[in-house]
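Engineer: Here are the chains, one letter per residue:
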Amino acid sequence: MIFEILAIGLIISAILALFLDEVVYSVAALSGTFLFTAIIYVFSGAIYAAIFQFAVGVGTLAILFLSGEMLGEKQIKKASPAKTAGLIGAGVVLSLPAIFLSVSGQTTVGPDIDFGTALWDIRGVDVLLQALVILTIALGIAVVLYERRKK
Amino acid sequence: MMLEEFSAWFVWIIPLIASLFVPVIGKYSEKARNYFVIAIAGIVGVLALSLVPSVWSGEGEAITYTIPWISGFVEAGVYIDSLSVLFTCLVAFFALIIAVYSQGYMKGEEGLTRYYYLLLLFIGSMIGLVISDNMLQMFIFWEMVGLCSYALISFWYKKPESIHSGVKVFIMTRIGDIMLLAAIAILFYMFGTFSFHGVIEGLQSGVFNTELMVITAFLVLGGAVAKSAQFPLFTWLYSAMEAPTSVSALLHAATMVKAGIYLLSRFILIFAAAPALIVALQPYWFPTISWIGVITAFIGATLGLMTTDIKGVLAYSTVSQIGFMMAGLGTAMAHTTDVAMSTGWFASLFHMVSHAFFEGLGFLLAGGIIHALGTRDMRLMGGLKKAMPLTFALMIIMIVTTSGLPPFAAFFSKGLILTSVMDAGSLIQTILIFAATAITFAYCIRMFSLVFMGKPSEHISKIHVHEAPKIMLVPAAILAALCIVWGIAQPYIASFMHIELEHTLLGAFTSAETPIFLLLLLPAFLLAYASYYKNFMGIRKIAAGKNPLTAILNHAYFIDDLYYGIAKGINGFSAALTRFENALFAHIPDKVGSDISDAAAPGHVMTLKKGPSDSFRNYVAAAVLGFILIMVLIVLTVGFGGI
Amino acid sequence: MDFVILALVMLAIGIYGLLTNRQLLKVFISIELIATAATLNFVMLASPQGLGEALLVLAFSVDTAVSAVILALLVLVSKRYGTGDLSKIIAKMQENAEKEESEVEAQ
Chain A
457 MIFEILAIGL
467 IISAILALFL
477 DEVVYSVAAL
487 SGTFLFTAII
497 YVFSGAIYAA
507 IFQFAVGVGT
517 LAILFLSGEM
527 LGEKQIKKAS
537 PAKTAGLIGA
547 GVVLSLPAIF
557 LSVSGQTTVG
567 PDIDFGTALW
577 DIRGVDVLLQ
587 ALVILTIALG
597 IAVVLYERRK
607 K
Chain B
16 MMLEEFSAWF
26 VWIIPLIASL
36 FVPVIGKYSE
46 KARNYFVIAI
56 AGIVGVLALS
66 LVPSVWSGEG
76 EAITYTIPWI
86 SGFVEAGVYI
96 DSLSVLFTCL
106 VAFFALIIAV
116 YSQGYMKGEE
126 GLTRYYYLLL
136 LFIGSMIGLV
146 ISDNMLQMFI
156 FWEMVGLCSY
166 ALISFWYKKP
176 ESIHSGVKVF
186 IMTRIGDIML
196 LAAIAILFYM
206 FGTFSFHGVI
216 EGLQSGVFNT
226 ELMVITAFLV
236 LGGAVAKSAQ
246 FPLFTWLYSA
256 MEAPTSVSAL
266 LHAATMVKAG
276 IYLLSRFILI
286 FAAAPALIVA
296 LQPYWFPTIS
306 WIGVITAFIG
316 ATLGLMTTDI
326 KGVLAYSTVS
336 QIGFMMAGLG
346 TAMAHTTDVA
356 MSTGWFASLF
366 HMVSHAFFEG
376 LGFLLAGGII
386 HALGTRDMRL
396 MGGLKKAMPL
406 TFALMIIMIV
416 TTSGLPPFAA
426 FFSKGLILTS
436 VMDAGSLIQT
446 ILIFAATAIT
456 FAYCIRMFSL
466 VFMGKPSEHI
476 SKIHVHEAPK
486 IMLVPAAILA
496 ALCIVWGIAQ
506 PYIASFMHIE
516 LEHTLLGAFT
526 SAETPIFLLL
536 LLPAFLLAYA
546 SYYKNFMGIR
556 KIAAGKNPLT
566 AILNHAYFID
576 DLYYGIAKGI
586 NGFSAALTRF
596 ENALFAHIPD
606 KVGSDISDAA
616 APGHVMTLKK
626 GPSDSFRNYV
636 AAAVLGFILI
646 MVLIVLTVGF
656 GGI
Chain C
3 MDFVILALVM
13 LAIGIYGLLT
23 NRQLLKVFIS
33 IELIATAATL
43 NFVMLASPQG
53 LGEALLVLAF
63 SVDTAVSAVI
73 LALLVLVSKR
83 YGTGDLSKII
93 AKMQENAEKE
103 ESEVEAQ
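Chains as they are written, first to last, in our numbering: chain A, 457 to 607; chain B, 16 to 658; chain C, 3 to 109.
Everything labelled a hint here was simulated from the structure, so no lab data went into it. Among the hints, erroneous ones may be present.
Below are the DSS-like pairs computed for lysine-lysine, each with C-alpha atoms no more than 27 angstroms apart in a straight line [unchecked claim]:
id, chain 1, residue 1, chain 2, residue 2
1, C, Lys81, B, Lys174
2, B, Lys561, C, Lys94
3, C, Lys101, B, Lys174
4, B, Lys173, C, Lys94
5, B, Lys122, B, Lys401
6, C, Lys94, B, Lys583
Computed footprint of chain C on chain A; a stretch qualifies when at least three of its residues, placed anywhere within it, have a C-beta under 8 angstroms from a C-beta of chain C [to be verified]:
id, region
7, 466-480
8, 493-502
9, 511-517
10, 540-553
11, 581-588
Here the structure is a predicted model, which is why all the values come from computation and not from measurement. Idealized CB from N, CA, C, for every residue including glycine.
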């Protein structure tokens, strides 16, 4: 039952994020999308994925709120209740197929190992390389910013 | 670690890692950066050459070295056989040539650090692509090659056309990428492995779904068609001429467009592990390749006759020559199921290398001319014979080689392809490919006379034309020398590729297609001679007038218009959706709805012309098309599942 | 309950958003929705195993990097053109290009 509710919430928040006119509400709905995704991960046992999703979501949303003022047109509009209700209804309708239909019959194959082993023993090189790339990018951005400031 | 294992790993790791150091070094000294790039290219060349002896002396079997990547699933590795080593050596050689040439051609440009960074990344990913031992690794490098070529083509990002063509290249090749990804996914679904060895073993065991493999083969062909600029996805190559000429030379001679040829020849090798599969592919797949190749060869050659852009002629020449290679690959297995006995497979790879030499030479010389004149329009050139004598002499070699006149490189390689197509036995294909060779000669003469012969144009008389600098002429001279001797190397290359070739060097002169070929050149030569030296106006009148033929050639067979039509259709669909959405919300009794419909009036969409928004929507269109394709594939392969 | 279909619906919503929206922020949100759909699919198909999550680390970091770059670009573009509306931005870009062309011709 819990998955069905979460799925409905996920779709509704996604639709709201896309169709609400007010930037702040839209971003708030997007945060709802991230939150619902994270909760779905928690309930299906992928706790680390949930943590990552949460961290990523928080980071993205922080920047979004910071830049939201700049990006949005200065619209002084109130979200109309009728439209919001219509959007929520559409969300419910769209989430119905996911609840009642089923296409994936196959179970997953592969070694059953826990996250820590998988991350460090199998993906160790990749994780290190990623860290290297991210550090390089950060360094590059820092250099560019520094030079800008000097100018 | 043995020497060859060491070389096989580091030949692509070194340029990839070195590319990261380019910005660091470039910050301190530009000279050091330039020498660094040349040194890296030299090291890569030495490493690539060190792979040759073991492959040559071997039995023709592939050697692989792997390390665990994701343990239990995927191993990263290198795959050394004659095919991958041939490509590695070619790319490494051109890396060196272009690195040296760029010192002259790109001198004083802005953003050279970015240029050299991308150049090394490009070279590293191309070598990684050809030497990978599994499809996943290959696909990563395949994408990296696409990304680097996009970035290098729009190198002069301040020019709008440059950005536009870069985006066009990215989107059009992306269609092929999706197909290749689908093919890899199907192969993984069938054999449970990404590695070439695993797939070959699976095929040898004989337990595979033949129909699914045929679908996979067609998807692989789609990937190759987009990457190698074949009909109907060839128009991006002409747009890519906005790139710096050195990049064009690299793109045409060794990297990017050759990736499609590599992919096809590699997969023909893999499919040949199961003779039953080759038999299943013979009725449809191979003829499709040869038809695509022959049609592209013909179309490319005819388009080369009309364009006034000096690089455009070379671009369409590449399209046409790669069509020849495709025709060779398509007729490779017409009478045999063994790659080692196949003339066409060897011929197209042999022609691939000779094409690299003469097309690279053409681009290096065109770069020198553009450098001196500051324009790419051939109508503004003319009479350069006296001003640029060395370029003139080298261009003669390029023209002769491209046309396939004996005894230069393309005579032997193109001759083998013609033999292969004739042996396959399709009359229309044979006629088309011979026509393409004749037209090749005609557009070469046309370009030659427009640029070097006649009287200098007004544009030239205004500026002082100088010969290209030495640092640009020396690489061109090396390529010209290779153009001359490469054809004679045919038996050695055949033994290197472990191919049992029936045709000898002398046989090329006495075989049936040589006289036909030479006879066909005669009318082309006479027509070109009459119209450019004797001022015979017949052809020119047809070319300048309004008739269907001229219209077709000027619009590149309306292929681009077709694509823009599709994009327009998507735009219209999007506008209709927006209008529908607005109408829906406008009925809600609220002011907001009408505000929105004002803000995003459909008129905005309708007035958009070709521009960045088109590319954005094209991207979405490509995504939608790819998505539909994948859905169709899923339904085809696994059925509807639980529904 | 099928998460593949759920991800499919999310993907469809995202693509619809890309097709109809001209507000840069909404375009970005659509891209985020598509990315979320992809990761959702991935996690739910591999959920009881650690390996799926470990592979997902890469997807997340790439996703974050992409969204950071997109946001930076969005801010730069909207600062430069004073609006976040794609159609207005394009109109301005075309104006600028035409202006430059006429300047070149004037020279």
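Engineer: Of the numbered hints stated earlier in the document, which are not met by this structure?
Structural biologist: Those not satisfied come down to hint 2.
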